[in-house]
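> Listed here are the chains, written in short residue letters.
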Amino acid sequence: MVYQLLNQHELCEYYDLNKNPGLSQRIKVRKDKFAFLEDPGIEQQLIHFKDATNTHVNFYLPHIHCSSCLYLLENLHKINAGVIKVTVQFTRKEVDVIFDHTKISLRGVAELLTSIGYEPYISLQQLNKAKPRIPRTMIYQLGVAGFCFANIMLMSFPEYLGLEHAEKNLQYAFRYLNLFLALPVLLFSAQPFYNSAWKSLKHRFLNIDAPIVLAIWVTFFRSVVEVLTDTGGGYFDSFAGIVFFMLIGRVLQDKTYQSLSFERDYTSYFPIAVTVLKDDKEVPTALPQIKPGDTLLIHQDELIPADGILTRGRAYIDYSFVTGESIPVLKEVGEIIYAGGKQTAGTIELLTIKEVAQSYLTRLWNQAEKQPEEKGVSFVHLLSRYFTYIVFTIAILTALYWWVQDPSKIWPAVTAILIIACPCALLLSNTFTNGTILRIFSRNGLYLRNAQAIEEMAAIDQIVFDKTGTLTTTTRHAVEYEGDPLSDSDLIAFASLANGSRHPLSRALVQHLGQHRKPIDQFRERIGKGLEGWIYGRRYALGSQSYITGMKNLSSGTRVYVSVENQVKGYFQFHNFYREEVNALLSRIRPDYELAVISGDNDAERPELERMAGKKTILLFNQQPQDKLRYIEIEKEKGKKLMMVGDGLNDAIALQESNMGIAIAENSNSFTPASDGILDAASLGKLDRFLQLAKGNRQVVMASFVMSIIYNIIGLYFAVQGDLSPLIAAILMPSSSLSIILLTYGASNLYARKLKL
Amino acid sequence: MAVIILLLIASIAVAALFLFGFIWSVKNGQYDDEYSPPMRILFDDKPSKKSSEK
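Protein sequence lines correspond, in order, to chains P and C. Oh and the first sequence: position 67 is 67 in our numbering, straight run, nothing missing. Oh and the second sequence: position 7 is 7 in our numbering, straight run, nothing missing.
Chain C is faced by these chain P residues, among others (derived, beta-carbon under 10 angstroms):
1. T91
2. R92
3. R136
4. N151
5. E167
6. A173
7. L181
In silico DSS-like cross-links for lysine-lysine, where the CA-CA straight-line distance does not exceed 30 angstroms:
8. K103/P with K33/P
9. K641/P with K615/P
10. K50/P with K27/C
11. K27/C with K199/P
12. K342/P with K291/P
13. K756/P with K641/P
14. K616/P with K695/P
15. K695/P with K754/P
16. K27/C with K85/P
17. K255/P with K27/C
18. K616/P with K638/P
19. K695/P with K641/P
What the hints contain is simulated information worked out from the structure, not anything from laboratory work. We put the CB at the ideal spot given by N, CA and C, even for glycine.
Could you put together the complete structure from these sequences and hints?
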């Protein structure tokens with residue numbers, strides 16, 4: 001089908017470009033799925049620009065993954081003449097589409113994209129707010145600072161080389177040019193430091209930026225005074241250099257991952273609109289407009305957006321978004337269905353009892369969000385505070401000394417101390433180390449929200465794991481058979497039977513028994529119960545305990561019973577399949593951290609977990625999202641620093657509450673709840689090494705700080721005597737900065753290599 | 001030595017030109033996506049059969 005479409009329009013090159021194109025196989029999409037795009041209100045909020053013929057719109061296509069995608073999407077205008085231009089933003093997995101709305105509607109574009117396998121993901125979040133642009137101001141500031149720094153350096157050489165005696169006019173020219181070039185650095189490039197310092201002073205807290213701003217200003221004004229009074233060349237090169245290097249560090253540290261989002265709340269899980277039944281007509285309605293009492297029509301594979309009572313049809317809800325558990329739950333007419341589940345079998349009707357924002361799940365979320373985030377203060381700020389006190393003491397002592405000895409030297413000596421003893425080396429070592437470590441982490445599959453998260457990670461003393469979807473994987477199950485032995489032909493028959501169903505347990509059974517497709521007569525699937533059919537003249541059935549044996553479901557754990565010719569043979573027991581590296585990981589981190597495993601499931605797996613995690617580990621079962629939250633709150637009150645590792649939306653609130661929340665992502669397409677870090681599921685086994693590297697971060701910062709203090713002492717030796725020549729400052733400043741950059745980079749990488757990261 | 005002043009102005013002007021080039025390229029979004037542009041240049045349009053028939 002896709003091939004046909006491509007062939008028609010001579011885009012077959014698509015298949016030559018990449019060995020495995022079309023990873024994203026076409027998913028069957030309901031005909032009216034994008035009907036809501038015809039609603040003018042919704043359309044208005046999605047499009048960016050519209051004139052007489054052209055409309056500009058931006059879609060998020062999670063299926064983009066290779067260069068062939070790029071080729072295909074950018075040639076969309078060959079498939080449909082209504083499309084004028086498509087531009088792919090690969091790293092963000094977005095496309096900007098310009099189309100002629102007289103030839104094709106917005107809905108048409110969405111359906112066209114879907115028909116070639118790139119279904120646009122349109123969520124409630126897009127309705128609420130525009131996407132924040134990547135801040136570029138700091139890049140401009142860095143560019144300006146670099147330009148000024150390099151030119152000031154160049155202009156300062158004649159001064160250092162002693163040209164001044166020969167040409168007095170030339171010397172003036174150089175000095176005033178330097179002063180002129182230093183202005184943009186002072187007024188524009190140094191702004192991030194002013195903002196941060198001002199913010200901290202407003203909170204009556206002395207952070208590292210306050211003494212830095214002081215040093216920047218002192219350097220600048222002393223230089224201005226020197227130039228204007230014709231007493232020297234000033235320290236403009238050191239001044240621009242400090243700002244330039246510190247900005248590089250900031251930019252490195254603030255690296256963002258464009259394709260990942262750490263801010264997702266429930267709105268990005270929810271669709272933008274659902275079908276509401278009004279007077280027997282289907283009306284697509286935006287989610288915020290849904291009121292209690294509306295009847296919603298939920299199609300197969302749609303998410304339930306609001307709590308409601310099932311009024312028609314049989315709901316078979318997959319709560320994997322909410323709990324991480326992928327085995328669907330059966331609900332009958334009259335039962336309450338909570339928002340967040342996904343209907344997996346047929347169409348149902350739902351009478352809403354609460355608004356979207358008031359539903360059980362969303363309310364929990366909003367509660368958690370109201371609490372202000374109280375993250376710890378970086379040790380660098382505390383360190384810089386002591387540093388500042390010491391520097392001021394030295395400055396005052398020096399001033400007193402010269403007041404007695406030679407008052408004319410107070411001004412040069414004190415300003416020189418403040419210039420030299422600027423804690424910029426500390427800031428540099430911190431930002432560069434953080435930047436390097438963030439990169440090492442991301443190379444290994446851990447993406448942290450910001451640099452502060454590294455320090456949070458180093459301070460952790462208890463790790464809380466979610467079980468389903470985090471320690472276990474939802475894509476595989478461990479299957480065990482118990483009962484009367486089954487012959488090979490029976491096993492093949494059951495495999496063929498299971499092959500006919502999309503139920504996760506059936507698929508797991510197929511995976512266990514192997515792919516077989518024997519012809520089945522009178523195949524029947526009873527949703528929520530089981531399967532039956534005739535194979536080679538014998539009647540085979542498999543399903544729940546009550547369906548096969550007629551008894552009530554009593555067993556613990558997940559079982560599928562089987563019968564041949566109405567005779568119960570036994571059952572397949574499904575265990576959670578623990579990720580391979582979990583066992584080793586738990587035993588490695590057990591000695592150093594307190595562990596806890598919180599699960600929404602029953603305690604059938606307790607013995608297995610006890611064996612892996614050890615006796616001291618806290619194991620809690622049947623935990624609702626708010627129970628998880630409460631556990632974290634109680635432990636935090638005891639003064640513990642917690643790291644929560646989870647995956648589903650049910651862990652989201654706990655992730656936010658814990659000191660460090662890490663979301664596990666099965667692949668880059670999957671949605672992760674808001675967190676401090678996103679961990680690639682394949683890298684879970686490296687968690688202990690990540691923790692060690694985070695601790696190493698502090699040692700590297702301290703080591704380079706000690707080195708910078710040595711530089712400072714050398715500088716202070718000159719400064720207290722009141723004769724710091726610009727030449728010494730010009731040599732000391734860049735060499736200390738560069739050696740700190742090299743040390744932090746080298747030490748972090750060495751540490752990572754030692755840990756085999 | 002007045003020629004040095006002239007050279008000075010020229011050198012700063014050239015450097016400033018590059019600075020504006022840099023700011024323009026950032027503003028233009030050239031660093032936003034480092035994957036698609038190098039790929040895009042490799043896709044050439046095959047001479048279409050339809051257009052050659054015309």
